Amino acid sequence: MRYGSVFAALAAALAFAAAGCGGDDGGGGGDAASGSEDVSGNVSVMAIWAGEEQKSFQAVIDAFEEKFPNVTVKYTSGGDNLAPILSTAVQGGNPPTIAALGQPGLMAEFAKQNAIKPIDNLQAKIKDAFGDDVAAAGEVDGTQYGVMYKGSNKSTVWYNVATFEEAGVEAPKTWDELDQVRDTVKAAGITPYSVGVDLGWPISDIFENVYLRNSGEEKYDQLSKHEIPWTDQSVKDALTIMKDVVGQSDNMVGGTDGALQTEMPDSVANVFSDNPKGSMVIIGDFAPGVTETTLQPVTGYNVFDFPSIDGSKPSVVGGGDLFVKFEDTPAADAFLEYMTTPEAAEVWAKRGGFSSPNKDLDLSVYPDEITRTTAGALAKAETFRFDMSDLQPAGFGATAGQGLWKGFTDFVANPNNIDKITQQMEADAKKAYK
Amino acid sequence: MSVDAQTAEASPAGPPPEAYKGSLWERYGVTAVFLAPALIFLTVWIVYPTLSTIRRSFYDRDGSSFIGFDNYETLFTDDTLFTAIRNNFLWILIVPAFVTAIGLVFAVLLERVRFSTAFKVAVFMPMAISLFAAGVIWRLMYEKDPAQGTVNAGIAVVKDAVTPSGVLSNARPSTDALQGGPKGGLELKDAIQPGEVAQLGLTAIRESEVPEGAEQAVVPEPLAGGITGVVWRDFKPGGGTPGRLEQGELGLPGVTVELRDDGGSQVAETKTEPNGTFRFEDVEPGTYRAAIGPETFQTPYAGVSWLGAGLILPSIMIAYIWVWAGFSMVVIAAGLAAIPRDLLEAARTDGANEWQVFRRITIPLLAPVLTVVFITMLIYVLKVFDIVIAIAPGSVQDDANVIALAMWRTSFGGVNDFGLGAAIAVFLFLLVIPVLAINIRRFRREV
Chain A
1 MRYGSVFAAL
11 AAALAFAAAG
21 CGGDDGGGGG
31 DAASGSEDVS
41 GNVSVMAIWA
51 GEEQKSFQAV
61 IDAFEEKFPN
71 VTVKYTSGGD
81 NLAPILSTAV
91 QGGNPPTIAA
101 LGQPGLMAEF
111 AKQNAIKPID
121 NLQAKIKDAF
131 GDDVAAAGEV
141 DGTQYGVMYK
151 GSNKSTVWYN
161 VATFEEAGVE
171 APKTWDELDQ
181 VRDTVKAAGI
191 TPYSVGVDLG
201 WPISDIFENV
211 YLRNSGEEKY
221 DQLSKHEIPW
231 TDQSVKDALT
241 IMKDVVGQSD
251 NMVGGTDGAL
261 QTEMPDSVAN
271 VFSDNPKGSM
281 VIIGDFAPGV
291 TETTLQPVTG
301 YNVFDFPSID
311 GSKPSVVGGG
321 DLFVKFEDTP
331 AADAFLEYMT
341 TPEAAEVWAK
351 RGGFSSPNKD
361 LDLSVYPDEI
371 TRTTAGALAK
381 AETFRFDMSD
391 LQPAGFGATA
401 GQGLWKGFTD
411 FVANPNNIDK
421 ITQQMEADAK
431 KAYK
Chain B
1001 MSVDAQTAEA
1011 SPAGPPPEAY
1021 KGSLWERYGV
1031 TAVFLAPALI
1041 FLTVWIVYPT
1051 LSTIRRSFYD
1061 RDGSSFIGFD
1071 NYETLFTDDT
1081 LFTAIRNNFL
1091 WILIVPAFVT
1101 AIGLVFAVLL
1111 ERVRFSTAFK
1121 VAVFMPMAIS
1131 LFAAGVIWRL
1141 MYEKDPAQGT
1151 VNAGIAVVKD
1161 AVTPSGVLSN
1171 ARPSTDALQG
1181 GPKGGLELKD
1191 AIQPGEVAQL
1201 GLTAIRESEV
1211 PEGAEQAVVP
1221 EPLAGGITGV
1231 VWRDFKPGGG
1241 TPGRLEQGEL
1251 GLPGVTVELR
1261 DDGGSQVAET
1271 KTEPNGTFRF
1281 EDVEPGTYRA
1291 AIGPETFQTP
1301 YAGVSWLGAG
1311 LILPSIMIAY
1321 IWVWAGFSMV
1331 VIAAGLAAIP
1341 RDLLEAARTD
1351 GANEWQVFRR
1361 ITIPLLAPVL
1371 TVVFITMLIY
1381 VLKVFDIVIA
1391 IAPGSVQDDA
1401 NVIALAMWRT
1411 SFGGVNDFGL
1421 GAAIAVFLFL
1431 LVIPVLAINI
1441 RRFRREV
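These protein sequences, in sequence, are chains A and B. Numbering follows the numbering used here, with no gaps: position 7 of the first sequence is 7. Here the numbering used here runs 1000 ahead of the position in the second sequence, where the first position is 1.
Pulled out of the complex, with its shape left as it was, chain A reads as follows (with noise of 0.2 Å):
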C-alpha cells in the first residue's frame, strides 16, 4: 500500500513537471513575438568577454547605443562555456539575439538548424572593411551569417629579449633563418622553445601557420572542408618541418616530456621572466595576456611575425569573434552593421587587448608598440585564415584529448611516427564528418 500511494504520487507529480515545461515553452515562444514588433527594441547580447574585457565591450555598447539610443543592448558573458551555454538555449528556444562565436565551426552547425540569420544584405559592406578572406570567415557555404569584429593574430611568435641579445641574434624573417636563431641559441646554452603542449592547440596553430605558408591557401581550404585526407603528402611535410621546433627534446624547455604537461599559460611564463627558461615561443597574440612579467614590452620581450616558409607571402593565421544574429529584428541588424565600422573597433582598440582585422582602422589607435605590430599585421596580411582546428566540428578539431589536439600532442611525444599519427588524424576526421 506505502508503494502504491507514492506512485501515485509520482505519476502526479510527474504529470505536474510536464505541464509546467510546456508552459516554458509556450512562454519563451510568446517573449520573441512580442520583442520582434518592437521597433525600436532590445538585443540581448552573448559572448566570451568577461572582466575587463567586459568592460571594453561594454563601452562599445555604450557608443552603440548613443547612436541609436532607442534601442537597449543587454550583455551577458558566457564565459569559457560559451558553446554549450548557446547549445542548450539554442535547444531550450530561449537563444540571445546576437552573439559572438570564436568557433565558425559552431556557427555551420547553428546555421544548419537554421538557429541563426542570414546577414547576405550587410555582405557588401563586410567585404569593404575587412576585405574577402575575413567576411569569408564568417560565410557557411555562400552566405554570410557572422561579421569578425574581434580578430586575433596567431602568426606572431614571441621571444625574450635578454636571451636573443647573450646568444647574439636578430628576429628572423624566414624559417631557415629561424632554424639558425635556434642552433645559435641552443649552442648559447639556452633552450631555444618553450612549448605548451599539455592541451595540444598551441601545437596545432603551429601547424596551421606551416601549413598554410608550406602548401599554400587551396591546400589549406581543402584540408580545413576534409575534401583531402590528413594522410595527405602536404599534412606529412608539414609535420616534418615542424620537427625542427619539436623533434628534439632538448629544443624544448623541460625536454620532450616536460613539454606534453606545460599549460600554455606556463609556456609564456618561461620566456617572459627574468631568469628565462626558453628564448622563444611560438603563440598568439593574446601571449602577453595570460601570464604576469616584469619584463618590459619591446625591451623585455618582443614579437616576430611567424616566418616565411620558401618565400610564401604575408599570411596570418587568426581567429576571431564572429557576431550572429538569432532573431531578425531591425535593432539586431543596426547593431550587426555598427560591428562593421573602424568606430565600433576605435572604442575597444583605445582600450587595448584588441585587434581589429578591420583594414580601414587607423593605426594608431593602439596604445602599445606590440599590439601595433600583431594588429596590423592582421588588417594589412594578404592572406587571411581562420584558425584550421575551429573549422572542424569541434569534436574533431577543437577538444582537449580528442581528436586534432590529440594528434598533435601524440606528434610532439613521438615525432618520428608521422605516418601513424596522420592515419590516426584521418579516422578521428572520418568518424567527426559522418
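Just so you know, these hints were derived from the structure itself, not from any lab. None of these values were measured; they are calculated from a predicted model. Check each hint, because a few of them may be wrong.
[What the hints assert, rightly or not] DSS-like, lysine-lysine: derived pairs with alpha carbons at most 25 Å apart:
id, chain 1, residue 1, chain 2, residue 2
1, A, K219, A, K380
2, A, K127, A, K313
3, A, K277, B, K1236
4, A, K277, B, K1159
5, A, K225, A, K350
6, A, K112, A, K430
7, A, K236, A, K219
8, A, K173, B, K1236
9, A, K125, A, K350
[What the hints assert, rightly or not] Some chain B residues well away from chain A (every beta-carbon gap over 12 Å; in silico):
id, residue
10, F1132
11, I1192
12, V1218
13, G1264
14, Q1298
15, P1314
16, L1431
17, I1438
Cβ atoms here follow ideal geometry from the backbone N, Cα and C, with glycine treated the same way.
Take the given structure of chain A and dock chain B to it, following the hints.
Then chain B, alone, in the frame of chain A:
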C-alpha cells in the same frame, strides 16, 4: 497538476469537519500534502532529468532525430570511451580495496598508540578539503621538474646525494671532433701523439654557467714529450665558427681532462687553467686520446614523469586514496570501539596470538563496517570525476579518462554531443544501480 490542486485544497487551516474521521482524504490527502514538497523537488531535480536523459540518449547530437541504439554502439566501439570504461573498472578493482585496507590498518594500529587522536586528525584532514582542491595540490606535487614538484624533489635529494651533478651538466661538443655521450664522457675522435695540441670545444653552456675566473681561451704551445690542449666554450654572441677558437671565447677552468691510451684506459688526469689550457708532461711515445670524464656532464636528476601517460592512472589513484583513507579509518575505528573487549580478551586468554585475534575475531566482527566502507567507496569510485580532471594534464586526459569524465567531455567539453553524453550517463547509471540495490538491501536487513 493534480498535486498542485491538492496543495491548494489543503492549504486552508484545518481539514473540513465532516472529513475528520478516517476519510480517504484523511488517509491519502494528508500524506500527499506532507510528501508534496519533497516530491516536487525530487521530480524537478531527479526524476524529470533522469527520464529526459534516458530519452535524449536515443537521439542524435542536436536532438532532432531518433537514432535508436546508435549512441550506445558508439559507446562500446569508440577507443576513448573504451579506455574510460576500462579505467573505471581498474578503479573499482583497486581503489575501494586499498581505501578499506589502509583505513583498517590505521584504525587497528592507532588503537595502540598514545596520541591516537592527533594521528587520526592528521589522517582525516584531507577530508576537510574538496576533492578538486586535493587534485590541484597533487597536480603541483607531481610536477616533473624537481624544482617544482614535491614528490620528485624528495627523490632528487636522495639521487643527487648518490650521484652529484657535474659542473657542465648541459654542455655538448661543438663539432663532431668530440664524440661520446654523458655515459663515457666526451673523447676526441682523432688520436694524438706527444708534441701535439688537443682542442676540446664545448657548447650549450650558459654565460652564467661558465665557471668563475674564466679568461679568454688560448691555444697552448706544443710541448716536446708532452701533450697540451685547451677546453673552451666554443661560442660567442652570434655563434662564431664551431671548432675554431676565436677572440671572445672563454676557457673553461677546473675541468678534469683525462688522457686515455689506445685500449681506452686512463693514463693521466689533470685540471684546466683559467684560460682553459691543460698539459700532460713526460708522456711516453704512442697514440692517445684526450677526454673529459662523465662526471663533468652528470645531469641533475630530471624527475619521474608522474603526470605522463604511463603513470597518470596510479598517480591519481594514490591521491584519491590519500583523501579517502581518513574517512575509512574513522568509520572503521568507530566500529572497532564497538567490539566487545571481553571477546578479544577471552581469545587472548585461550592463547591466541595477536595476528590470530585480528584475523579470527576482529575482522569477522568488523565485517559489516568494512562492507559499508567498501560499498560506499565503490559508489564514489564509479562516479569519480573531479580529482581526475584536476590532476590529469590535457595531454593525458585520454589515458586517465573515466566514465564520468568522458560524459562531461562529450556533452560539454567541446564535443557538444548531448546524445552520446546522455548515453554515457545512462550507462554509468546502470552500473551504479546494482551497487545501490545491494546497499539498500543491507540497510533493510540491519534495520
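Here is how each hint holds up against the structure:
1. Annotation: proposed proximity of K219 of chain A to K380 of chain A holds, straight-line Cα distance about 22 Å (limit 25 Å).
2. The hinted pair formed by K127 of chain A and K313 of chain A meets the criterion: a straight-line CA distance of about 21 Å does not exceed 25 Å.
3. Between the alpha carbons of K277 of chain A and K1236 of chain B the distance comes to roughly 20 Å, so the proposed pair stays at or under 25 Å and holds.
4. For a cut-off of 25 Å, the pair hint linking K277 of chain A to K1159 of chain B stands: about 23 Å separates their Cα positions.
5. Simply put, K225 of chain A and K350 of chain A have alpha-carbon atoms about 36 Å apart, too far for the 25 Å limit, and the pair is violated.
6. Of the supplied pair hints, the one linking K112 of chain A and K430 of chain A holds, its CA atoms being roughly 19 Å apart against a limit of 25 Å.
7. Annotation: proposed proximity of K236 of chain A to K219 of chain A holds, straight-line Cα distance about 13 Å (limit 25 Å).
8. A C-alpha spacing of about 22 Å is found between K173 of chain A and K1236 of chain B, which places the hinted pair at or below 25 Å, so the restraint holds.
9. Proximity of K125 of chain A to K350 of chain A is assessed by CA-CA distance (about 23 Å); at most 25 Å being required, the pair is judged to hold.
10. Remark: the non-interface label on F1132 of chain B is consistent with the geometry, its nearest Cβ contact in chain A lying 16 Å away (cut-off 12 Å).
11. With a minimum CB-CB distance of about 25 Å to chain A, I1192 of chain B clears the 12 Å threshold, and the non-interface call stands.
12. Remark: the non-interface label on V1218 of chain B is consistent with the geometry, its nearest Cβ contact in chain A lying 21 Å away (cut-off 12 Å).
13. A cut-off of 12 Å between C-beta atoms confirms that G1264 of chain B is not in contact with chain A; the least separation is 27 Å.
14. Consistency note on Q1298 of chain B: stated as away from chain A, and its beta-carbon is indeed over 12 Å from all of that chain's, at 16 Å minimum.
15. The beta carbon of P1314 of chain B is kept farther than 12 Å from every beta carbon of chain A, the shortest such distance being approximately 16 Å.
16. At roughly 22 Å from the closest C-beta of chain A, the C-beta of L1431 of chain B stays outside 12 Å, upholding its exclusion from the interface.
17. Consistency note on I1438 of chain B: stated as away from chain A, and its beta-carbon is indeed over 12 Å from all of that chain's, at 20 Å minimum.
The structure does not agree with numbered hint 5 stated previously, though it agrees with all others.
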